[in-house]
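Q: Mind docking chain B on chain A? Use the hints.
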Amino acid sequence: MPAPAHLFPLIRNCEISRICSTVCYCHHKHLCCLSSHFAHSHFRCAPQKKFAALYRPKENFNHFIHARDYTSTPQRFYLTPPQVNSILKANEYSFKVPEFDGKNVSSVLGFDSNQLPANAPIEDRRSAATCLQTRGMLLGVFDGHAGCACAQAVSERLFYYIAVSLLPHETLLEIENAVESGRALLPILQWHKHPNDYFSKEASKLYFNSLRTYWQELIDLNSGETTDVKEALVNAFKRLDNDISLEAQVGDPNSFLNYLVLRVAFSGATACVAHVDGVDLHVANTGDSRAVLGVQEEDGSWSAVNLSYDHNAQNEHEVKRVRKEHPKSEEKNVVKQDRLLGLLMPFRAFGDVKFKWSIDLQKRVIESGPDQLNDNEYTKFIPPNYHTPPYLTAEPEVIHHKLRPQDKFLILATDGLWETMHRQDVARIVGEYLTGVHHQQPIAVGGYKVTLGQMHGLLAERRARISSVFEDQNAATHLIRHAVGNNEFGTVDHDRLSKMLSLPEELARMYRDDITIIVVQFNSHVIGACQNGEL
Amino acid sequence: MFLRLLSDVRWQATHPKWRRMTCSRRSTSSTAEPAPVPLPAEAQVVICGGGIMGTSVAYHLSKMGWKDVVLLEQGRLAAGTTRFSAGIVSTARHLSVELKMADYSNKLYQQLEQETGVSTGYVKTGSISLAQTQDRLISLKRIASSLNVMGIPCEIITPKQVAQLHPLINIHDLVGAMYVPEDALVSSANVSLALATAASRNGVQIHERTSVSHVSIQKGRVTGVETDRGQIKCQYFVNCAGQWAYELGHSGKEPVHIPLHACEHFYLLTHPLKEPLASNLPTIVDPDGRIYIRNWQGGILSGGFEKNPKPLFTEGRNQLEIQNLQEDWDHFEPLLSALLRRMPDLEALQIMQLVNCPESFTPDMRCIMGESPTVRGYFVLAGMNSAGISYGGGAGKYLAEWMVNGYPSENVWPLDLKRFGTLQSSRTFLRHRVMEVMPLMCDLKVPRWDFQTGRQLRTSPLYDRLDAQGARWMEKHGFERVKYFVPPGTDLLDLEQSKTFYKPDWFDIVGSEVKCCKEAVCVIDMSSFTKFEISSTGDEALENLQYLFSNDLDVPVGHVVHTGMLNEKGGYENDCSIARLSKRSFFMISPTDQQVHCWTWLKNRLPDDSNLTLEDVTWKYTALNLIGPRAVDVLSELSYAPMTPEHFPSLFCKEMSVGYANGIRVMSITHTGEPGFVLYIPIEYALHVYNEVMNMGQKYGIRNAGYYALRSLRIEKFFAFWGQDLDAFTTPMECGREFQVKLEKGTEFIGQEALLEQKQNGVYKRFTMFILEDHDTDTDLWPWWGEPIFRNGRYVGKTTSSAYSYTLERHVCLGFVHHFDEKTGEELVVTADFINNGDYAIDIAGQRFQAKAKLYPFSSLFTQRRRKDEEELSGYQRE
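So the sequence lines, in the order shown, correspond to chains A and B.
Per full-length UniProt numbering, the first sequence runs over residues 1 to 535.
Per full-length UniProt numbering, the second sequence runs over residues 1 to 879.
Chain B extracted, bound-state conformation:
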């Protein structure tokens, strides 16, 4: 009954046209059932799922001119999670792309009623996020900084101001709050129906009560869709099946892994108050109490994200069960307590219902968007982590752009389906991980946070050895990597207590690891990096790689080349090091999370040629990174080969023996700008080589180190990392890496034109290094990433990564500087002069710190200038 009230479905009457097209919606009441409209035999796009996502994709596709679209819904439109949604449109998001999606959605929904004539229930209520602790307030201030530079009104307010905005709130335990006045409430089902209405006016065909059994795939491409009402041939399929997306992905012969899992999600509906609440009363989010509260028909709607979620449908179920989920009051008890603590006056308010609606969650709390890595034309938009309404508009727009233009207008890598592989698709993994993810919705988001579930999946053969030596681990793409080594006798804080926005407890530990890298030698296990081998019988490998990569790969055998794998716009799809092992074979090292993306990119672009082989050898090698001035000595003693720069120059690769083990690929790169080598060791030799290195290294003061030390080293050297600093919207020109592009290498390559144009016209953003000036490492908030950069008091961009430089004894932030026209806001060319002549400040949670901008690293501060990178860098500098 209440569902009726909630969705307030009125679209049937107002849109008779559409009613004709859809099959009987009233099958239960009317006996004379009109025959359903037959399915078309063919369509360009078939969308599965009539919730907010499916209708939004259909809406945006049709707006962009793709009209041959069919939307299939197994039940009724907006009948799944969408119908049960709380209808809160909130722009307070941590991730910039999520923030942009939510902002777009808000603006879209606001005008949707006018556009379609369908009432959406849109009310601009604003939202108040409460902070019970100082840490929470810092977290809110960080979001507020992001919102403000995006032009979204937002302010940090005092508890007293909270009380003025909302009459029922108990403010005694609050330290502050964030007020976002433009956040809104909608009727989620009606928004979905409005989008469907607009789409169908644009020519999209909508068929309810039609379920997709599987997607037909031929030669790795979508060819059609099998439904319970027949087949539709199509070029594109969009899986917007929400919590059923995983099952649908696995229904065909070639599975598409969509890692999401449903959890029960509860919210409470009450009868109206004696004095009914105003419909424009702000929505309250109390993350410390794990609850949200909105006004609902004069009463309230309040739900939350409990600490002990109940995952469900692990084995997969049919859709009907969503209707019959049990209310679980005992489970809801902590949230009810939090609600009554926040609004004590509600004690006498009468309960209407406790709603149990399943929500789908993903392994990293971010939604899943994009094309399947294995099946071309198979797109996915699902896994909204309970923010489907907030993201619905923006996500649908980005996916439509992706399909129509080949790429969305924003960097969506954080949401890309290809960030996952098959390894995140285990049901057990998903079940365990979502039980951690759901409580995280309300947990404090602090820097350097690692998931605790689904761990120890991929490990190096040295895992146990390193663990026994005090290694603390983080996880990337399922692979365990060392953060740092806790020396014996040192106690660090336990996980929960170590959460901080300030100086972390491992500060001195990493400091000593960095020192050792600078002065002696350290070993870092870097086995997680993605490693491919590309070889051919003829020259195909070289020819193709020359086309796919921007740097010149036609180098003598044994040389290593740093190069970008660029897209047509010159942006980085991948940033890698490629060693030429022989005339016809290449060894390619990419970041860990590139395993799926890079593979797909290469597979889709390499010719289907039996002479050309691409192999993923990630699992075959253990990589040990020997960093430091004494690495030379350790290695030459172990191999009885001279390793000095004269014999083993920088960016060089050679197979040699280390200890008893033969066939170790030694490369003179360290990914940090420090001297040293990376050893690629066939895994069965890993333990032997590690032992040999550690034994031999003892007299040179060798020690283990972790990724935090590596990170500090590379950031103080101004090394950009793909996935953090570099993305598909960043070109080599924009980050001072022109030297890695050979525009005149004699062959064409992807992105060449765009880069040529950029070279002529200049760049519109520039990767810059900032050294914080008046920042006290011990007492001030630490930068993380995503902090706004101000030049002469005006916003010019955001940071992408930061670290404490133990050499400079200062914080270093890396980020992009734009040049917005002061009047029009238009983006202008960024010149070196523009960068150099400005006073900069970095905004950390609302507090601005003076920063010095630099376009080149402090080469003079660091040891020898013998690395090729730097010679090239300095050469570039002279230009």
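Next comes chain A alone, as it looks inside the complex:
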């Protein structure tokens, strides 16, 4: 018998007011100021959008109030269902993997991905590519902070570092010889990109040179051992972060590039990357994005298995690790208000040289850097209690999982999703979406007092919930629809969706974060056959 609360959508009409009354907490999680005193003394200037991540909650709220002042009344923009759909579907992308590509049988059926911006421009990035010289597929989500430069760079470069780390010695030699003699390069990755996912042309030469240096070192090191995926992932992460740091220190004669590498280094990004090869699934995670495996139980229900650990203050091991890396005297200040040095939410990240370089190095680079950098309050600001850098690392935690036939899909998503929905709900919604089966609890009136009107309202909602499934051709879109539009009954409420999506740019970030989702679907038949040693 369902709870009576589920029967009566009595408060449907006062939702938005309730949402409004609960927005006083800050959504700018990644970076946040330590004390009001400090903030007041240093940050009076009008915030620039790109580096606007350093408000304290109160200011945030003031800003919100301010915004309300000049729009006079909180405007309610009503979006029609087609308008809502066009917003939700603007960034959706699907890729179907041929089960047999002529060489290998793939355990991945395909993936759906999508992102919904809250920041303008969006600070999340996503990447997906098939390794061409080794087997396997790479998928990743990257959540940028203090701008999108770092996330953009990581999304472009990380998979190359991983692919190169995985390459056998002979292939590396072959590639190096090709570059040396100006021959055509063997393609390393086949990218699966949405038209909105771009690569920066200007930096490609610079990035390539750094990558080449990396593989040259790998050739020199030639351990002779077959490459372990776990190790390769860790090495690639660390190497890329190192290169980002070095490029910023060295600078570039081209002023645009010089500014770019500095922006990359001074902004930050988390990364959650999955490598799937047959039944071997590796998830390398740095930061607070998350990988969750959707498992179908024997009774058809869905459960979620975490394949990554969040690197933030909620993770005791991380807190311990960070504290251990610094002298006892800093214990109080290293993690403060659930943030690294009271500022940064993720405890591991790419870029963010402000948490990695010595104060001297930071000052030197900024001073010699372009004016834009010098004028920026954020870059000039040195975190408080900054004594024993580095405080931050890009080293990922890698989890290896042997896929089983009941493992139906993998969800990679930035924290924008996970802070709105529990992973069990996420697994259920995606599972039901992918199988087309909807376990709606039947309604029974029983002894409850229900009027015809109430029942009518409830039934209309349940019907809308089913119809929303058929609107989406993309599991990630469907998930975003739920993440943004779910009401207290767990059903998509169009009014709510409409309100959330029509928020003006300056307000959107207060109600929600950027959301980026990749849903990878596995081929249970292939996995089953792999398990039985048939493949």
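Treat the hints as calculated values from the structure; they're not laboratory data.
Keep in mind that this is a model prediction, so the values were computed, not measured.
In this text, a Cβ means the ideal position worked out from N, Cα and C, and glycines have one as well.
Don't take every hint at face value.
Label-pair restraints from in silico Cβ distances [to be verified]:
#1 A:P504 to B:A278: 30 to 36 Å
#2 A:P504 to B:E315: 57 to 63 Å
#3 A:N196 to B:D778: 56 to 62 Å
#4 B:L492 to A:E506: 48 to 54 Å
#5 A:Q83 to B:D173: 28 to 34 Å
#6 B:E315 to A:G447: 32 to 38 Å
A: Then chain B, alone, in the frame of chain A:
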């Protein structure tokens, strides 16, 4: 709990006599269970099923004097679908026999409480059927016309009048409504109990908690019933098992096919309104919203027929599951929306329960009644399509009459079990078909509507060829038949849009097919007709057929005879053409839906003689009907045989070769009165002969045609068709077919006496042709069938079929004219003078059109007078 309220069972206390007879009803509560009354060893009739149908049959049997009747109920009386019934008695029915059953039921229930002392909850509330569209209003007006001539008060009212009759209705989207003030509400379970009480007083034994395992059959007759409490020998068995009737029919060694299937049916019960609704508030039927709403204990009861029904028990289940069906609110949502749209003030009304009660539906939305074609003495009454309470009284009466008198007092062919064969008995077919039938309960009933499910079951070998040429199909007895051929490049409306009471979109297409039949030659595939062969080693075949058929069959070999297969009262059980193939073998062609009925009729009446064989050869032959003046030329070119009337006279049959194929039975009949031939082709030659005919016919302008053209042709020629115009209550004398009866053929035949009497005394109804005078084909409503006929402003009968005559450029209706005494209403003899001296009008949905009555076709209008039929007709005319 509510079920208790709904049925309000009080009969236990008031009827202690009966309580003694039945076994423990309180077995759950009392520990000391009285031993059940033992079953009798023998009875004349055993009825299975204690719902409204079983008790009604028992009631009427006992009233008619059959007292040795045992009624067995597997659970408790009125515990199945009957208990869950909404209890609405509604006479607004499309079919005249259904209307009569409902009217009788209403009158029976009204006096039942007085008769039995059992409270039936009968309240005369009236009912209002709402129309949201003009088409719906037309449909209601058609019913209103029928009701009015039946003497049932009924009027078409405006939305404002609706609001006056019912306080809660939102009338803004209504265009009108039909008000039937005498419709009623009853407590269905109590009606059933009242009938049982009366029956048991008349001597019927009722045994609850006794289930029938199977029926014993010997030599094609019922001999007894096996139950879980022992055996009962009996002569008659009545299957009133409702939704379990199908399974019960299949439980024995010889299956009795009862094509019905259960669907979940939902209705809602609410708590009373703040100001409780009056118990005499009219019942609302909103077919466009697919719902009905009645007052119920101060609140409402509202259910409906959704577009996406949920069939259940396809694999068969036990009875107990009926109690535990789940409420499905999501499924009910569209109906709830319709309810709140119709009565917006109910929003605040509190729900009591959503009831899920299975209802049984049949393949054609009509109930199933009558004797099994395979087992004598096995009767069936089931498949009520959710109108069990409305039909209960009348249906029980007709079945009782059928058993006692051998035939009911009304033409029940539309409800006869024999209209179905084994082919409608597939569970898959039934499951799919009932999913179409249930929504039809509320869909607009327009002329020429065809079922869309369960199709392409029986087809001619030419099906694909014809389909590729644009054939549009209808279905009869599972057989696909062509309606007409859509010429390439022509677009017709899609199914839903083509529904109309006015001029249909195929009007010109059929017109050109008719024209071709008149001027050149057309081919119609008529393979669906039922074909039997009767042969014997000696003269048995002829002797028996002479007894079974009214015309003289002792004709020279090669002649074809049109004859009726009559019952004792002289009525048509079948109308057929019989060709004498040889001295001792006959080939018989009957309408498609006669396959089961005619077979049964003949089987039951032919002696069990090994020298005499009756064979159904329907499947062996493909029939091509070549209609038109150039048919002669096509056929003679194909066969190198002269086909002119001198060599091949009318009503002649000969085996010959057509193209390369040999052994084609060619008959000079067309079933339309036009010149031409029907070719009966062994199926393996069908494609060859068709190709040859089409190739050869090209220079004569041959084309395909369909049944709509055939229908127009036969109706303008005043040809009656069995099943539409002719039925078991119509004699040849009444439809101007005396020439097909040879009263002095030297041998006795069934129906002879009745016909002799009729010849002396005259007939009480007369088949008449009406030509509509002031009817505009383009803008006026088209006649269909069942329209009342008025003579000098007084109702005299109903039409039975109609068509547009492309030759006369007028609508032609066929129908029967009665002569009711102006004062007493007594039926008087109808004379030719009576027909000829009168001003006639046909009532189409309340609008009357002037019509000219004719007793004979316009022979002069049509081409040559060379057909034998017409010579005979004109001869008759001179008499």
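Q: Hint compliance check: list the failing hint numbers for this structure, sorted ascending.
A: Violated hints: 1 and 4; rest satisfied.
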